[in-house]
Amino acid sequence: MNNAKKLFGIGAAVAAAAAMLTASAFAGEKDKDAKKDTMKDTGTTTAAKVGAPAPAFTLKDTDGKTINLADLKGKVVVLEWFNPECPFVKKHHEKFNTMVDTYNAFKDKGVVWVAINSGAAGQEGAGLEKSKKAAADWKLPYPVLLDESGATGKAYGAKTTPHMYIINTDGVLAYAGAIDNDRSADKAGTVNYVKQALTQVLAKETVTEAETKPYGCSVKYGN
Amino acid sequence: MAADAPVRATLVLDRPLSAPGDTATLGVSFDIEPGWNLYWVNPGESGAPPKVSFTLPPGVIAGEIQWPRPERKVLPGDILDYIYTRRVTLIVPLKAGPNYDAALRGALEADLWWLMCDKEKCVPGEAKATLGLTSASPSPDAAERLGEASARLPVVAAPGVLSLSWEGSTLVIRSAGAESMTFFPKPETEDNPTPPKILTEGAARGDTLRLSFPAPKLGPSTRIVGNLEVHGASKLTGYFDVAAPPPPMSSSAVR
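Protein chains in written order, with this note's numbering: chain Z, 1 to 223; chain R, 1001 to 1255.
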């Protein structure tokens, strides 16, 4: 119990820090309550759920073209949460070509792929110019959509870049989670969850791993 | 690493390893600029913990990293992270084995990688650091860093301080006299599922904290592992290891 004694004997400075910790721990709760109220207006009380209809969105890509999810009904749609400055996004677009390779393997099978940048104005990697540059530098064969308000990101409960979602031909969310099973910023995974789930969705099979824990930088929402 | 980098890493040691059988405590210490953070062993919903790999002199054995108490932080978008700010020292026990020879004046080499984030961005950092294991007594700075970190390590709760019980598929943690409690789940595994509602359930006012799990995630090999921060009388009163056995199999909520 030596450590315990130290813990109890640590004096005023640490007690003050502890009080601050309590305050910050509950700040999140309050934020959440406040947000719940505002979310009622839009009818979205919780984030998207696997097995439920995917939240609607209409967003502009870096060329100003509007993309409405409803118009893609009948296609399988992959969403890739995106921030070109995030080391985990760079891993899959610079060190490896995971995203584009996966897209290329499925593009002729009725799969539409979009990246979504939910970074708020002023955040690293956010906005039109940086998204446009990344799309050019990385020769992305699919559009990057801009969600600077973060509304679409929050409707999906997107937490990380990357955070991956697959929507089936019925508009139902079939997969949510990580791109692969290596959570590091520099090593390739041995299982590509999106590839695995896409194969199963296209074959109308049950997705065996429909939810995995995403990894990466936090989505840089503004509020 | 540049002096103005957001995070700087140093190695510290509490005492030299002079002969076989000696033990020492190594600290991998990070100074973190205001506004920036590193991540706990379980970073939460975003981020990544620092990675540490050692090259050790012959005969020296390193134990597992011990992670000091982090802070619970909720980011915009309800992203729950477990972070370190200002300064953190990861603790690594060292031991000189039978074939250790101090006359070789061995040094430990550490390869460090970390992800550091502020509210706008995340940037990786890395460093290589070397520390002689036989030389001189520790600096006051080393002692301070190690002492501070040791005081932030979890301890086994004395009998009666915590009670763990299951109500169906809800784990109920009670600590008599607590004003608030925060649960820090260890990294998720099949046997250690993270409670899906940890954002709201993981920090509770009062003497009871409830963590609800989907029944199918619980089974005979379940072991809910984490650390619990307890506050009472407006101050931190304890930081404990929690390892909850599986719920009773007779419970109808369990498969």
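A hint or two may mislead.
[Claimed, not checked] With a Cα cut of at most 20 Å, we get these calculated SDA-like pairs of lysine to any residue:
{"hint": "1", "chain 1": "Z", "residue 1": "K109", "chain 2": "Z", "residue 2": "K130"}
{"hint": "2", "chain 1": "Z", "residue 1": "K213", "chain 2": "Z", "residue 2": "D186"}
{"hint": "3", "chain 1": "Z", "residue 1": "K95", "chain 2": "R", "residue 2": "I1061"}
{"hint": "4", "chain 1": "Z", "residue 1": "K49", "chain 2": "Z", "residue 2": "D186"}
{"hint": "5", "chain 1": "Z", "residue 1": "K213", "chain 2": "R", "residue 2": "I1083"}
{"hint": "6", "chain 1": "Z", "residue 1": "K95", "chain 2": "R", "residue 2": "W1113"}
{"hint": "7", "chain 1": "Z", "residue 1": "K49", "chain 2": "Z", "residue 2": "V207"}
{"hint": "8", "chain 1": "Z", "residue 1": "K195", "chain 2": "Z", "residue 2": "E205"}
{"hint": "9", "chain 1": "Z", "residue 1": "K213", "chain 2": "R", "residue 2": "A1215"}
{"hint": "10", "chain 1": "Z", "residue 1": "K49", "chain 2": "R", "residue 2": "D1118"}
{"hint": "11", "chain 1": "Z", "residue 1": "K213", "chain 2": "R", "residue 2": "E1126"}
{"hint": "12", "chain 1": "R", "residue 1": "K1119", "chain 2": "Z", "residue 2": "G222"}
{"hint": "13", "chain 1": "Z", "residue 1": "K49", "chain 2": "R", "residue 2": "Q1066"}
{"hint": "14", "chain 1": "R", "residue 1": "K1217", "chain 2": "Z", "residue 2": "T208"}
{"hint": "15", "chain 1": "Z", "residue 1": "K107", "chain 2": "Z", "residue 2": "K187"}
{"hint": "16", "chain 1": "Z", "residue 1": "K187", "chain 2": "R", "residue 2": "G1125"}
{"hint": "17", "chain 1": "R", "residue 1": "K1095", "chain 2": "R", "residue 2": "I1061"}
{"hint": "18", "chain 1": "Z", "residue 1": "K213", "chain 2": "R", "residue 2": "I1061"}
{"hint": "19", "chain 1": "Z", "residue 1": "K213", "chain 2": "R", "residue 2": "E1033"}
{"hint": "20", "chain 1": "Z", "residue 1": "K187", "chain 2": "R", "residue 2": "E1126"}
{"hint": "21", "chain 1": "R", "residue 1": "K1121", "chain 2": "Z", "residue 2": "E148"}
{"hint": "22", "chain 1": "R", "residue 1": "K1197", "chain 2": "Z", "residue 2": "A48"}
{"hint": "23", "chain 1": "R", "residue 1": "K1217", "chain 2": "R", "residue 2": "S1234"}
{"hint": "24", "chain 1": "Z", "residue 1": "K213", "chain 2": "R", "residue 2": "P1214"}
{"hint": "25", "chain 1": "Z", "residue 1": "K90", "chain 2": "R", "residue 2": "D1118"}
{"hint": "26", "chain 1": "Z", "residue 1": "K90", "chain 2": "R", "residue 2": "W1113"}
{"hint": "27", "chain 1": "R", "residue 1": "K1121", "chain 2": "Z", "residue 2": "G122"}
{"hint": "28", "chain 1": "Z", "residue 1": "K49", "chain 2": "Z", "residue 2": "K204"}
{"hint": "29", "chain 1": "R", "residue 1": "K1095", "chain 2": "R", "residue 2": "T1134"}
{"hint": "30", "chain 1": "Z", "residue 1": "K130", "chain 2": "R", "residue 2": "V1060"}
{"hint": "31", "chain 1": "Z", "residue 1": "K90", "chain 2": "R", "residue 2": "L1153"}
{"hint": "32", "chain 1": "Z", "residue 1": "K213", "chain 2": "R", "residue 2": "P1185"}
{"hint": "33", "chain 1": "Z", "residue 1": "K213", "chain 2": "R", "residue 2": "K1186"}
{"hint": "34", "chain 1": "Z", "residue 1": "K213", "chain 2": "R", "residue 2": "D1191"}
{"hint": "35", "chain 1": "Z", "residue 1": "K187", "chain 2": "R", "residue 2": "W1113"}
{"hint": "36", "chain 1": "Z", "residue 1": "K60", "chain 2": "Z", "residue 2": "A120"}
{"hint": "37", "chain 1": "R", "residue 1": "K1119", "chain 2": "Z", "residue 2": "A121"}
{"hint": "38", "chain 1": "R", "residue 1": "K1119", "chain 2": "R", "residue 2": "I1032"}
Think of the hints as simulated: they come from the structure by calculation, not from any bench.
Verification of the hints:
no.: 1; hint: K109/Z - K130/Z; result: violated, 30 Å
no.: 2; hint: K213/Z - D186/Z; result: holds, 18 Å
no.: 3; hint: K95/Z - I1061/R; result: violated, 34 Å
no.: 4; hint: K49/Z - D186/Z; result: violated, 30 Å
no.: 5; hint: K213/Z - I1083/R; result: holds, 18 Å
no.: 6; hint: K95/Z - W1113/R; result: holds, 17 Å
no.: 7; hint: K49/Z - V207/Z; result: holds, 14 Å
no.: 8; hint: K195/Z - E205/Z; result: holds, 13 Å
no.: 9; hint: K213/Z - A1215/R; result: holds, 19 Å
no.: 10; hint: K49/Z - D1118/R; result: violated, 29 Å
no.: 11; hint: K213/Z - E1126/R; result: violated, 25 Å
no.: 12; hint: K1119/R - G222/Z; result: holds, 9 Å
no.: 13; hint: K49/Z - Q1066/R; result: violated, 36 Å
no.: 14; hint: K1217/R - T208/Z; result: holds, 15 Å
no.: 15; hint: K107/Z - K187/Z; result: violated, 25 Å
no.: 16; hint: K187/Z - G1125/R; result: holds, 16 Å
no.: 17; hint: K1095/R - I1061/R; result: holds, 5 Å
no.: 18; hint: K213/Z - I1061/R; result: violated, 33 Å
no.: 19; hint: K213/Z - E1033/R; result: violated, 29 Å
no.: 20; hint: K187/Z - E1126/R; result: holds, 15 Å
no.: 21; hint: K1121/R - E148/Z; result: holds, 15 Å
no.: 22; hint: K1197/R - A48/Z; result: holds, 15 Å
no.: 23; hint: K1217/R - S1234/R; result: violated, 36 Å
no.: 24; hint: K213/Z - P1214/R; result: holds, 16 Å
no.: 25; hint: K90/Z - D1118/R; result: holds, 18 Å
no.: 26; hint: K90/Z - W1113/R; result: holds, 16 Å
no.: 27; hint: K1121/R - G122/Z; result: holds, 10 Å
no.: 28; hint: K49/Z - K204/Z; result: holds, 19 Å
no.: 29; hint: K1095/R - T1134/R; result: holds, 12 Å
no.: 30; hint: K130/Z - V1060/R; result: violated, 48 Å
no.: 31; hint: K90/Z - L1153/R; result: violated, 34 Å
no.: 32; hint: K213/Z - P1185/R; result: holds, 14 Å
no.: 33; hint: K213/Z - K1186/R; result: holds, 14 Å
no.: 34; hint: K213/Z - D1191/R; result: holds, 15 Å
no.: 35; hint: K187/Z - W1113/R; result: holds, 13 Å
no.: 36; hint: K60/Z - A120/Z; result: holds, 15 Å
no.: 37; hint: K1119/R - A121/Z; result: holds, 12 Å
no.: 38; hint: K1119/R - I1032/R; result: holds, 14 Å
This entry does not satisfy hints 1, 3, 4, 10, 11, 13, 15, 18, 19, 23, 30 and 31, going by the numbered hints stated previously.
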